[in-house]
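**Student:** Now for the letters of each chain:
There are 2 protein chains.
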Amino acid sequence: MVWWSNRRRARPEPGLRPSVVPTELVRVDFTDLAPEPIAFLGQAAAIQLEFFEGLSRAVATAPDLVSKEGLSAAAGVALRKHHALIAELRREGVEPVTMMQPFAAATERFREITSGDDWYELLLGIHVTSGILDDFFSRLAEGLPSDLGARVRVILAEAGAGGVLEQRLSSAIADVPGLADRLALWGRSLVGDTLLVARSALRTGGDDQAVEPVFTELIAEHTRRMDALGLTA
Amino acid sequence: MVWWSNRRRARPEPGLRPSVVPTELVRVDFTDLAPEPIAFLGQAAAIQLEFFEGLSRAVATAPDLVSKEGLSAAAGVALRKHHALIAELRREGVEPVTMMQPFAAATERFREITSGDDWYELLLGIHVTSGILDDFFSRLAEGLPSDLGARVRVILAEAGAGGVLEQRLSSAIADVPGLADRLALWGRSLVGDTLLVARSALRTGGDDQAVEPVFTELIAEHTRRMDALGLTA
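These protein sequences, in sequence, are chains A and B. Quick note on UniProt numbering: the first sequence kicks off at 1 and runs consecutively. Quick note on UniProt numbering: the second sequence kicks off at 1 and runs consecutively.
Some clues are possibly wrong.
To be verified - Here are a few chain A residues that sit away from chain B, every Cβ distance over 12 Å (derived from the structure):
(1) ALA45
(2) PHE52
(3) GLY70
(4) SER146
(5) GLU166
(6) ALA174
Unchecked claim - Label-pair distances were calculated between CB atoms; the ranges are:
(7) THR216(B) - ALA174(A): 49 to 55 Å
(8) ALA159(A) - PRO102(B): 29 to 35 Å
(9) GLU36(B) - ALA159(A): 48 to 54 Å
(10) VAL176(A) - SER170(B): 42 to 48 Å
(11) THR31(B) - VAL176(A): 47 to 53 Å
(12) GLY93(A) - GLN101(B): 44 to 50 Å
(13) GLY93(A) - GLY163(B): 21 to 27 Å
Quick caveat, the hints were computed from the structure, so don't treat them as lab data. Note that the Cβ used here is the ideal one computed from N, Cα and C, for glycine as well.
Next comes chain A alone, as it looks inside the complex (with noise of 0.2 Å):
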């Protein structure tokens, strides 16, 4: 089967690499960049059916059973996710489709341009986005209403797929010569398309300028994830 035949390719942003990677937690507050709490949802419910289709098409294209198994649960997570944020948007009395229409197609293009040229390529990509954008969106819930805010950080608290993209992309690049240089170049340049989708969650007309140490928070914990791979960052 053909997965990876009409994608676009997404440009690498070799800029990107965290010059400054900070040692204690940053406080910001939120209050006045958390957009209102129906798009907050929307869009947070449209990013894990993303999650969960790069999972899906993971469990699909996998090349053993093993990897199958452990993506199948992550799968599940996201979906899990997915569904939670949508009762949430039923709780506050909206339909929850329509309340998602209007980040489906950015969220599609986003994972058109994560989703790379093979199955590696694929999960490096879910395991960089879904790292980065599950923490931003927990850390953007304090911002919400205290009830809401604190029931959505529970939802995106649980362990999803980074566990098991960790251990099949740890396998394959201690087993395929020439991985780690390839997934490095592409770990580097997912992070630029997935800040802008971060930004795009902030409300409008709030003060950019005081999230910045959120968001170099953010690259610090990306620059983690990929010196446990064993990628440079």
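Please arrange chain B on chain A, whose structure you already have, making use of the hints.
**Tutor:** Frame of chain A; chain B shown alone:
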């Protein structure tokens, strides 16, 4: 994205129309027909994983978000069934992946020939094959040790993709000229391959004659599903 490019096309088998529709439930003793519990669970788990993959593909290629939403819930149900069967394999003290392995190639091939040439055929493929096989494995579970059999029947009884598939297909058939004829042919061509999978689950050396009434019943249920879509079985 090209999803349907390299697929082998199933040969239509127009001779498989049911000529007799039974009017009452046929009693068949499955004691001599059901396979060993572990083989049963391995094959059933592999099949649910394939349904999940088919439904995920239907999500990813859905033309609208409403379809995505309904299909993603159905994909979640198939995944839950798969993982519940995996849990039963663990309970039997065996490694689930090892026990699914013997069925992996046949199940993958089954998915390829039942995926169809477009989204509508994919949907009908899942509707027809999961309709028949969920019924069949539930009946076959009567031949398992009684505790295990009861649990398996509960697992397989969860309402899954049937509702959403029927809804999406009905509305497409009403909207797209010529689709009904094409899908009627496609639905008919799926029955032979699906019954072969069912037959492969029977204990070798069992009395094949004894199970014929069940096959007749499965085909009658299939006919009812096709009727509900306004399609000739």
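**Student:** When the hints from earlier in the document are held up against this structure, which numbers fail?
**Tutor:** Structure breaks hints 1, 2, 3, 9.
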